[in-house]
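Asker: Residue strings, one per chain:
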Amino acid sequence: MAHIKVVRRSMRPEEWTDLRFGWLKRHIYSSKWEIENLMIRDARQTAEMEFQYYSEDYRPLKKGDMYFTPDGTAFIRADVNIPEHLQGKELWFSLKTAAEICVKVNGRYIGGVDPNRERMLLSPYVNDKEVLHFEMMGYNRSKPDDERNPESLSVRGCRQIFEGAYICTVNHAVQDLVWDFELLLDIAKSELFNEDYRAFLNRELNNAMNLIDFDSDEISGVEKAKKYVDEVIYANDTYKGSGDVALIAHSHLDVAYYWRRIHAVQKNLRTVLIQLRLMDKYPDFKYTHTQPYVYETLEKYYPEVFEELKEKVASGQFEPVGAMYVEPDCNVPSAESLIRQCLYGQKTYERMFGKKVNNAWLPDVFGNSWILPQILKKSGVDYFVSNKMSTWNDTNRFPHNNFKWKGIDGSEVYACVPPTHFITWNMPSQIQENWEAYIDKDQGGQTMNMFGYGDGGSGCTEEMIEMMHRFKKLSVMPKCEHTGGAEFLEKNLKDNPNLETWDGELYLEMHRGTFTTKSDLKRINRRLEYKFRTAEMVSLMRGEDNTEKITEAYKKLLINQFHDILPGSHIHPVFGDAMADYREIEAELDGIIGTGTKYFNTLNFNRDALTFVPNKKGTATRYGEKGNWLIPNIPSLSSATLRSTKFAGEWISIGDTVETPYYSVKFNSDGSIESLYDKELQREWAKGDFNKLKLYTDNPGNYDAWDILPNYKDKQIEVKVVSPLTLKEKDGESASFVCTLGTEKSTWEMTVRLFRRSRGIEVENKVNWQEKHILAKAEFSCNVLTRKAVCDTSAGYIERETHRNTTWQQARFECCHHKWCDMSEFGGGVALINDGKYGVGLYENTMSLSLLRATIRPDVVSDMGEHNFCYMILPHKGDPIGARVNEIALQYNVPLVRCDAQWKLPHFEPLYLQAAKKSEDGTMTVIRLSEQKGTRGSIRLDRKVKLLNMLEEVEDETDVIEYKPFEIITIGL
Amino acid sequence: MTVQSYVEEVLQPKLQGDGGWVEYVCLENGVLTLTFRGECSKCLILHRCVAWIEEQIKLDLRKNVKVNAVRKKPYFQDT
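Read top to bottom, the protein sequences are chains A and B.
Counting from 1, position 684 in the first sequence corresponds to residue 684 in the numbering used here; the numbering is continuous, with no gaps.
For the numbering used here, count along the second sequence from 1 and bump the result up by 973.
Note that these hints are calculated values from the structure, not bench results.
Source: prediction; values computed, not measured.
Worth double-checking, as some hints may not be accurate.
[Said to hold, decoys possible] Below 27 angstroms or equal to it, Euclidean Cα-Cα: the simulated BS3-like pairs (lysine-lysine) are:
1. B:1045 x A:772
2. A:730 x A:617
3. B:1046 x A:63
4. B:1045 x A:745
5. B:1045 x A:62
6. A:713 x B:1031
7. B:1031 x A:745
8. A:441 x A:473
9. B:1031 x A:772
10. A:356 x A:473
11. A:772 x B:1046
12. B:1015 x A:96
13. B:1045 x A:715
14. A:715 x B:1046
Take the sequences, apply the hints, and build the full model.
Answerer: Next up, the structure:
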């Protein structure tokens, strides 16, 4: 029999206050006049500013009607004659809605309503004696983000009930008192504040309420209650708070997430517009807004609002922040991509506002690569802001909030990791929580507290600003200062000698699955990053100016590196949009690259690694394509014709072991290697499972696409051998052994390739993936004694401890790497080179490369379907640097290109030629060089070159390039 | 257009745009069984969407169906 718990008790005094507070709020409007001639037209957005309309014309919209459809945009309009009795008064438009609605009156954008604000001011913007032509565009977002109103939360969904639209007047006495109560009740209910003060508040708020007569037809006593609040509650300064909190108004905006990127255009419009209107009303209000890309969409589609924005930028109220074009993922993109985020971001701000910004504003990104400080510093960015490490780390408390962040090359930027979330609503309890969580109280100056709703929630509200104006009346609150982003950073961090330094990556102890989820995006992103490099180089060599086309395509790539796109944490249509963008980008770049009769080596070192060259008459197969494995032996930045070698001798013997010139290999039927004996180095490389496909249950909970849990290895799924490993193809250079593995739902064809003239062993995987909540890894237990692994970052390498001695190592059970990772001891080691995988587990002597996931939230079918990817096992002598693992990995990822043009510039060896392009202003050739081995030295040139920053601004001239470990150098020719 | 292709080609993209998911199961005796996944699976006002689906099918295909909505919640929200 079901047990029903029955609780009977009397109403508490605080509940009596709450109850009357609800009654008080009903009197905020002194008059409401319903607009009864509204008409609506349903539609769905199909592209930026393009809509599929569901009907030819508008239909009437009445209170109680259903409105909005799944993923729907609704257009609502009405011609309104303001009744005479309302003319001349301060008029508001009110519409309680779960949707995000932007309102235009008589052709001018006036404001907006959404779940966080149900009214907007009309009076200063309209002539109430004219007919007011209302045009509204609303997008109904079913997925709530940081929604404070539980009542509204419960009705979120595609179909909404229209609750009526009104022209209203506000009873400001009631409204003011409501804000007072909102503020004081928040303190009274928060255990973060002094218990005695809260008792005082509960008592006196009740007394204040007692002065209001709710029983008469007209509410009375509001002024008396307000006076009581002023003279008794605000006047009490017995209770002293502590702290110094900077309040930064900000609205985080995911360019795509639970919505497609096309919707971000209007989300941004509403957010900007609403903040502009708040600035009109509150001259002391300042607001920070990031992502140059969204400014571009505003400029393009809503130029009149953009002009208003520019005026507020000039007046100092609207503050552009964040040098990067979007807020990208900062793990997976390459160094050059992150540089382009800064370059295009800063250039956009400079064009729009005549100035660059000095900060990177990345509140929501999932950890930050160690290469970032140098890139920021050389892009005019001295300050870095990112919230997640403080609020989301699942194991360790990140030890700083205001600090200096030292990068891989030794560059330093000032960093702020605010103690609390980037979306708050400026309530005293949230500010107090921020102060209490702030670690650097003694040396860091103020703590940063951002406030404002995000993701189309349209930022700050009147209420948040009204709260802020009252904080100074409360002695119990920390000292609060409303300030801009740059102002805060310069005031508290600049030249602060007491700041601690964090030297290393800013690893987020959460969202470790985002290195792997939606693997296609990662792989294509990698391929396109290198294709951009090729396209720019080829354009330069041919003397073609493709800057405009390349910049446009590059920006598209950068948008798709947004921190909820490339990491894979988005709904299904976002994935479709990204793949469509990738196809467009690739077609554009292929067109630019063109073709030629010779093969050109775009790398600035000799191309000496065995390479697969496609050829219809070839005798080997890779990625389903015929071709030949050959050693191109093409010198740095040179071209040559290639011929396949016709080696007719026997180079491999197949018995219990497979004998090649390099190895004696003992395979298992599932493609894993039981023994990998190195004939040259006379040692065994395998010690346990080696190239072993392992499937683990992967149930991380609500953050499905984002997280991998530390206990993922608890339950392993059996991989069956459908057909055992057998030789499938052999020619004079390579031999391919193929096995088919499977589960009940998926098939996994693994091809293991051995080579006559390469130490590398390539593994190609062709997968029909139909799993749910499974993580696929390839594991390599190496016969190596080491306590560290070395991982490529795309601009140098990072060493990571492989033991689990402390919680810091324990938390890093899954890390991000780029083209390769390596475990070595003094005499040699094993490197794993990939062509688009980023997640790896590193524990003792085992590397486990993450291959595929199968998450169902936010995308129900994430990663389902066909996959084809390769990685290469590369046992080597000595350490990975001496063994030239990075150079081999570059050759593995950068294809030879058919091009007959000639490279006429210096080769800059031993630095890696990361990019060669025409400068954005078209006046010079820009060369980007990257030191990737951790060495120091100089290159003497035959001419003087300009030393540039990453924004292509001249800083110096030289004919000797001095470089230090992991330095990225930009020069102009 | 069949009801199944209408669900898969017309309705599905719309629901997916909202983070939802609908799958055709069967149509028997005027009862259209649909599986709702993703955000739809835990939507508190799914009945409104279901009514809209019935309206749309009537409007576009001129067929009267009664939708039998089956929710398939992810394990971590299956309460």
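Asker: Return the numbers of the hints above that this structure violates; sort them in rising order.
Answerer: Violated hints: 3, 5, 6, 7, 9 and 10; rest satisfied.
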